[in-house]
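Enquirer: Given next are the chains, with one letter for each unit.
Protein chains: 2
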Amino acid sequence: MVRQSLRERVNGHSGQLIPRGETRMGGGGQRYGESTGGPNPLVVNVSARHVHVTPDHLEQLFGPGARLTKMKDLYQEGEFASEQQVNLIGPRSRMIPSIRILGPTRDYTQVELSYTDGVFLGIDLPLRISGNHEGTPGGVLVGPHGAVNLDRGIIRAERHVHMHPDDAAHYGVQDQGYMKLKIDGPCGVVFENVKVRVHPKVKLEVHIDTDEGNTCHLPTATHMELLRD
Amino acid sequence: MVRQSLRERVNGHSGQLIPRGETRMGGGGQRYGESTGGPNPLVVNVSARHVHVTPDHLEQLFGPGARLTKMKDLYQEGEFASEQQVNLIGPRSRMIPSIRILGPTRDYTQVELSYTDGVFLGIDLPLRISGNHEGTPGGVLVGPHGAVNLDRGIIRAERHVHMHPDDAAHYGVQDQGYMKLKIDGPCGVVFENVKVRVHPKVKLEVHIDTDEGNTCHLPTATHMELLRD
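For the record, the sequence lines run as chains A and B.
Read left to right, the first sequence gives residues 61 to 289 (the numbering used here).
Read left to right, the second sequence gives residues 61 to 289 (the numbering used here).
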């Protein structure tokens with residue numbers, strides 16, 4: 061995975077699709093935004109594979125006293141891509157190297173991969189919302205100081221949209237409900253089952269993974285829109 | 061990329077989604093089918109990265125007199141995955157190994173990759189229908205006998221549906237038109253801009269690539285349907 065160039069483009073029909081900076085989680089992040097008429101612009105972020113860790117696991121991987129150091133702020137306040145990266149070893153001894161840790165630390169360790177990654181590793185990834193690890197597979201994380209045997213926590217993140225209560229009111233949707241995300245362009249797609257997650261501290265932002273981002277190819281998209289289910 | 065297990069499943073709502081065998085082009089092919097009420101079942105095939113070659117290029121890659129040998133029949137009559145595989149080297153000297161050649165030979169050489177592959181190689185892949193190579197990038201193919209310097213022909217295949225004239229009549233669509241493909245399930249997606257290609261010698265079959273296949277995850281799909289644009 062390498063950094064994809066971001067190009068500004070103007071929607072020929074009804075608005076403007078604007079690269080909103082870039083996250084380099086694992087090297088593959090892309091972020092695009094567009095006005096909605098609501099309180100916040102619609103931002104779609106393609107999340108490359110990444111890891112969340114507990115403080116204990118961080119120390120096992122990077123040594124006693126280790127703390128995450130910020131490489132880059134993410135779109136949501138307080139979230140950041142860290143300088144730290146780990147290697148993941150799967151059940152067939154295949155490895156995905158250099159998976160970036162996103163901060164801050166959490167009360168669980170979680171690895172978010174695409175199905176493309178799952179096929180490579182030989183893991184049948186369960187589709188989950190962050191933190192729901194019941195029955196999920198594990199693996200081995202390896203850092204410069206040591207390894208962590210994860211007994212669970214490897215998932216494909218369910219596509220979702222973070223929104224402020226004002227955005228939820230604008231769209232007329234509830235927390236834990238579902239919406240559709242329509243992307244127009246040569247590789248146009250409607251993503252069904254986009255889970256709504258409402259929280260007063262967040263800005264409107266859709267998270268899709270790299271398989272989904274490559275399917276709709278945001279660099280050539282002309283318009284994007286959230287639709288009620 | 062490894063072989064994904066295919067599991068039979070029954071649609072809980074209105075029909076049956078049946079694995080229709082498997083293509084192992086590059087190792088990642090999947091094929092699913094469902095009744096449509098029309099003359100043919102709807103078959104959706106996830107095409108892994110693959111190569112088509114001219115007879116001349118085949119000899120440059122595999123030696124004088126080389127002929128493609130069949131590993132497995134594909135769904136369309138006369139099409140097959142060959143035993144032969146080649147390596148592709150891109151502009152940054154990154155290589156994708158063991159890309160399967162599909163037969164029979166053609167009057168052009170073409171490499172069909174996903175955007176995930178394009179990001180890995182550092183190629184900004186153009187979206188094209190087979191054989192339209194104007195302005196497309198090239199690369200180096202390497203076989204056991206020698207290399208071919210391709211000056212063009214590396215594409216992302218535009219998602220498309222092959223259909224017999226009877227299927228086109230059933231759906232009320234024309235050759236070169238567009239349809240939508242709706243996949244229901246936990247990773248439900250509507251693919252827009254599915255190009256229609258009508259020919260009297262083909263059976264109804266949609267081709268999507270591995271990014272698209274991983275996005276909608278056919279092993280957990282419950283229903284699929286072609287819709288008029």
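Keep in mind that the hints were calculated from the coordinates and are not lab data.
There may be inaccurate statements among the hints.
It does not matter which identical chain is used: a pair holds within one copy or between any two.
As the list claims (entries may be wrong) - Below, a list of computed lysine-lysine pairs in the DSSO-like style, where the Cα atoms sit at most 27 Å apart:
| hint | residue 1 | residue 2 |
| --- | --- | --- |
| 1 | Lys132 | Lys240 |
| 2 | Lys242 | Lys130 |
| 3 | Lys130 | Lys240 |
| 4 | Lys242 | Lys255 |
| 5 | Lys261 | Lys242 |
| 6 | Lys132 | Lys263 |
| 7 | Lys261 | Lys130 |
Given the structure is predicted, the values throughout are model-derived calculations rather than measurements.
Enquirer: What are the numbers of the hints that this structure violates, sorted from low to high?
Expert: Of the numbered hints, 1, 2, 3 do not hold.
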